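Number of protein chains: 2
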Amino acid sequence: MKENKVKVTFLSQDETILVEKGITLLEASIRAGVYVNSICGGDGICGKCKLIIKEGDVTARPTTLLKRDEIKEGYVLACQTEVTGDVVIEVPPESRAKGKILIDKDAQRFRALYAPMKGQVFFKYDPLIQKIYLEVSPPSLQDNVSDHVHLYRSIKRKKNIPNMQSGLKVIRSLPYILRNGDWKITVTLGVRGGTIEAIQVEEGNTTDQNFAVAVDVGTSTVVVHLVNLNTFETMDAEATYNSQMSYGDEVTRRIIYAELKGEEKLREAIVEDINNLITTLISRNNIRLNDVMAVVCAGNTAMIHFLLELDPSNLRKEPFIPVCTYPPPIRASEVGIKINPRGLLYSLPSIASWIGADVTAGILATGLYQADELTMLIDIGTNGEIVIGNKDWMVCCSASAGPAFEGSGVKNGMRAAEGAIEKFKISEDGKIQYTTIGEADPIGICGSGLVDIMAELFMAGIVDRSGKLNPDANERVRKVNGELEFILVPSSQTAIKDDIVITQADIESLIRAKAAIFAGINVLINILSIGFSDIKRIYLAGGFGNYLNKENAITLGLIPDIEREKVQFVGNTSILGAKMALLSKDALDIAYKISKNITYYDLITYADYMNEFMSAKFLPHTDVGKFPTIMKKLKRT
Amino acid sequence: MKENKVKVTFLSQDETILVEKGITLLEASIRAGVYVNSICGGDGICGKCKLIIKEGDVTARPTTLLKRDEIKEGYVLACQTEVTGDVVIEVPPESRAKGKILIDKDAQRFRALYAPMKGQVFFKYDPLIQKIYLEVSPPSLQDNVSDHVHLYRSIKRKKNIPNMQSGLKVIRSLPYILRNGDWKITVTLGVRGGTIEAIQVEEGNTTDQNFAVAVDVGTSTVVVHLVNLNTFETMDAEATYNSQMSYGDEVTRRIIYAELKGEEKLREAIVEDINNLITTLISRNNIRLNDVMAVVCAGNTAMIHFLLELDPSNLRKEPFIPVCTYPPPIRASEVGIKINPRGLLYSLPSIASWIGADVTAGILATGLYQADELTMLIDIGTNGEIVIGNKDWMVCCSASAGPAFEGSGVKNGMRAAEGAIEKFKISEDGKIQYTTIGEADPIGICGSGLVDIMAELFMAGIVDRSGKLNPDANERVRKVNGELEFILVPSSQTAIKDDIVITQADIESLIRAKAAIFAGINVLINILSIGFSDIKRIYLAGGFGNYLNKENAITLGLIPDIEREKVQFVGNTSILGAKMALLSKDALDIAYKISKNITYYDLITYADYMNEFMSAKFLPHTDVGKFPTIMKKLKRT
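Chains as they are written, first to last, in our numbering: chain F, 2 to 638; chain E, 2 to 638.
Honestly, the hints are just simulated from the structure, not real lab data.
Predicted model, so just to flag it, every value in this text is computed and none were measured.
Treat the hints with care, since some could be wrong.
Which copy? The list can't say, so a pair holds if one copy fits it or any two copies do.
[As the list claims (entries may be wrong)] Derived SDA-like pairs (lysine to any residue); straight-line CA-CA distance at most 25 Å: (1) K160 to D209; (2) K159 to G194; (3) K73 to Y601; (4) K157 to G194; (5) K594 to N164; (6) K318 to Y177; (7) K157 to G195; (8) K586 to G462; (9) K424 to K634; (10) K469 to D292; (11) K125 to K266; (12) K586 to V59; (13) K339 to R173; (14) K170 to S334.
From just these sequences and the hints, can you work out the full model?
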């Protein structure tokens, strides 16, 4: 056995592992825990998983995705390269996500403990997990009910619980705990569907130690908030990249991976991320794992499928059927999440195949479901989810935007990580200004930067209404291999020793993405026979939404041209909604009602979606009457 | 290791095992699966675990429980004898329970599919487990709910179920089963507290295969009935001895064993018995284990504790507190019972520490809870449980009779097994007539035989009212080692090559047992301020009850002297009640009501119990006015 193993060393990470000959470098990097970008999930088509071979031999399949210079410098695509002997690898900056490095900054970014909503939502604090301290009267010949009945009776004297349950393990523990604890005990109660479960019984008074976590299982980012269930405060937050990225940036890629290799790996990846985040949080806050009694998750339907190891394959095949949209509360340990072994995992309800629990959470957190005025929620990610409604009705749809705004499928695109251009401006005198995350030398462009770049190039007349780069408009426009591109940052100023550019193809990808979302908005508007002016408020949500310049988003035609004060960025409403449900059973019940009462329109069944999409493929739109303020600005210039 | 092992061979069972030097022969016999009687659980005080050493050496502690002749023949007490080298053992007839041999006959005996109750109880058939066949419409873009919602909706169209649940495993299986089964599926629904669980989803129509078992977990006998949940018929029955007997005949002995060695062994023993019986039943009836979806158990409180591995130790310490009297339905696999892995185990509710689910079942099966007239149920075993009541109220108590009527603590006593004297009569001319179970040569005396013997000796004037053997009354009365005894069967006619006798000490044990039960009856009567004549019906239940001569039971003063036609033997009401609950959720609900609504009197707290007990220690009673028909008979003789 040992003879067939070879050493793979990752230089900058100082990691060396033994692997079998013949596996790909991408697989080796996953095993070593070294993050390498990968969008296509190993199909050799995205060209993101570049590595540099510093020493040793490999067998690489030919690819058109590497430049001649890169090949000379030892660049390979990790997924197309097999390990044949001991090898030393360097992961170049553009292939690194730096998930671990950025963890604290990301936590800050996703912290958003209170969303800055105008109409704040209030619920009665009634957490899904509660601890109650009981001083039980010892039994006597006159009062000789069983320990189990004794417990239930004592609980019911303190709390009105019509339907109690408990598992055999808790019942088995009662005689010892009641007597060792001298009839002073703490019971942990958890909401379990229509019943309340006595999850745990402990000796003495442990009510001051009652914690839970809320998790936003994002396609690219996983965020965990640690909540003190006694004070209702968020104590700490932590975030990381979803390691499922190694199996594909896009949800569909991951589903295909799951179909070929089984769902287990995808569950394991996300569960390990969640466990790592929880471990970090509890050790930083001196909390025992055993005192974390629940996990409440929000995420898109596919992410929840991966987490629960539900077969996701029918999500991507017409008629796009999820296995489950209302997962029951289960033991967190059943999927491998490490908290108290009897702790519960709640998954917020999804709405439909492409409208997930994150949208339910968003509706809950923004209070859209109880709004008097007509309100729109736009949650932008790989899919743009659009909700319109108020306290009387709600409709939603999901527009397949593609991952362009997440930096994928765009030449120098990247996720919102250190070195990403997040803001971009062309000043009146034609000077280019930009800022990067972490103020580092730029590596690429994240979603908010792409929106800025698109809007600025358009307003500066460098890109025309049809999205074409004008080769005569600016000296930074050039032609490479027959394709036009705009140099955003010259190589001398970047960390990747190459120019950061936006290509004609990139612009087309981004226009398709914004057109998909705007078409979705329009179809919903048409179905409802209303106009944009009827929308009194737009909530813009998502990790993306934190940095988005709303003026530029309108300029681009991503969101409708309505009064700017009606548009509000609400940050990560997915985790906020999850926390609300955790802290209030009423909120959880409302989440169920939201997911049941909302009408889902599958855009595929609407013939005019394609027309709307085609019309939206202009900047800001074919029908300029839809963007009066933008047209006014254009005329001024 | 191997050097320290020695061979123990059990001659007649043709079993040889390797054991470590130094273990007792009792332990060796348990390991070999060879049944050896043991009442005290290995304390060397009951003298029941006699074995004969045929070859080899052992180290035996001295004992007064073996006769000089026996010691000469190589007899030892298994629990007092350590294995020091290879040894060949014979288990003499009196130490064998013959559980395996008698299994079919026992099944017949305990079959009692319908109890011969006068007022038959009827319930609506509504089994705890139901299979329904669904032809689900495939999903479409217009009807694109999740598989899970689709399933629930289809179920709810067929059945009104307000509160449904299912586990992650079933939800995970849905996409495959729905599609592989071409949307034709069978769902198994199980009652789970206040909710209905979809336990299993199968492809196609499997509704014709839906089975369950009812189990009477008796202290000495385990009875299993196999029930077809479609036809509501009992298809077959099987019984065996409770292998926990190796840990003590008496419940208290087993509790002490559990305290010292842990509850696990006791659970394993009974679970293995149940599994063996189920395996026998399903193979004989060509049923797949996977089609057995539930087990419903009745048994005394301690037996249910052992089955569920609940700590029984507080049952035997004042104030005698059970861990649990209403065990929730759990997966049968959680305690190791082998049926469908997702099948459920229901334990009928117990009433109090010494009033178990078997009494609840008895009240259910006899319909006592809905009787217009005042009715008494007497369930005789190691404890005599007494219930008095009608449709308006019920009270109960448990009298610690001791195991005498089960053949334990009586010199030639034995369980109701082949070779046991079950009927006994002294004819007018003084001739002795008896019958044995299986018509075999007598080995000992079982409970019904002991009642007959006591009554007959009393009526014949051989035993006086105080229970003393009269040495001049009959030539069969003799004195051995200073104690009087009556020769029932001379050694020439027995299978044990020794006389079968009843000793003065035996008679005293039996009188104490009957006095305990009658005192219990009397205390209840006194508490209620009623007379025996107010009791309009007496149901006599228990394995014991199947053979009991009711006239002799009255003669002995075991049960009150009321009109004979009011007394009815109802057989094994424990299993009958369990089956009723299995076949009707209404019956299960009533079982819960019964256990909640009954008032339990702990006899220990009643000062006059001791007086009643002392008064009952005469034949039939100190107060002869309580037994007018018996006194009339006595005067006639």
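Hint-by-hint comparison with the structure:
In this homomeric assembly, K160 and D209 come within 25 Å of each other (Cα to Cα) only inside a single copy, at 18 Å, whereas the closest approach across copies is 45 Å. For the identical chains of this complex, K159 and G194 are neighbours both inside a copy (21 Å) and across copies (22 Å), given an alpha-carbon limit of 25 Å. For a Cα distance limit of 25 Å, the shortest separation of K73 from Y601 qualifies neither inside one copy, at 52 Å, nor across copies, at 90 Å. For the identical chains of this complex, K157 and G194 are neighbours both inside a copy (18 Å) and across copies (17 Å), given an alpha-carbon limit of 25 Å.
Taking the shortest Cα distances, K594 and N164 sit within 25 Å of each other both inside one copy (21 Å) and across copies (16 Å). Taking CA atoms no more than 25 Å apart as the test, K318 paired with Y177 passes between copies only; the shortest distance there is 14 Å, against 54 Å inside one copy. With identical chains, the CA atoms of K157 and G195 are at most 25 Å apart both within one copy (16 Å) and between copies (17 Å). For the identical chains of this complex, K586 and G462 are neighbours neither inside a copy (53 Å) nor across copies (77 Å), given an alpha-carbon limit of 25 Å.
For the homomeric pair K424 and K634, the shortest alpha-carbon distance inside one copy (20 Å) is at most 25 Å, but the shortest distance between copies (111 Å) is not. Taking the closest pair of Cα atoms, K469 and D292 never come within 25 Å of each other, the shortest separation being 58 Å inside a single copy and 67 Å across copies. In the homo-oligomer, the alpha carbons of K125 and K266 never lie at most 25 Å apart, since the shortest distance is 39 Å inside one protomer and 49 Å across protomers. Taking the shortest alpha-carbon separations for K586 and V59, neither the intra-copy value of 56 Å nor the inter-copy value of 68 Å comes in at or below 25 Å.
For the homomeric pair K339 and R173, the shortest alpha-carbon distances inside one copy (22 Å) and between copies (21 Å) are both at most 25 Å. Taking identical chains as interchangeable, the C-alpha atoms of K170 and S334 lie at most 25 Å apart whether they share a chain (15 Å) or sit on different chains (14 Å).
Checked against the numbered hints above, the structure violates hints 3, 8, 10, 11, 12; every other hint is satisfied.
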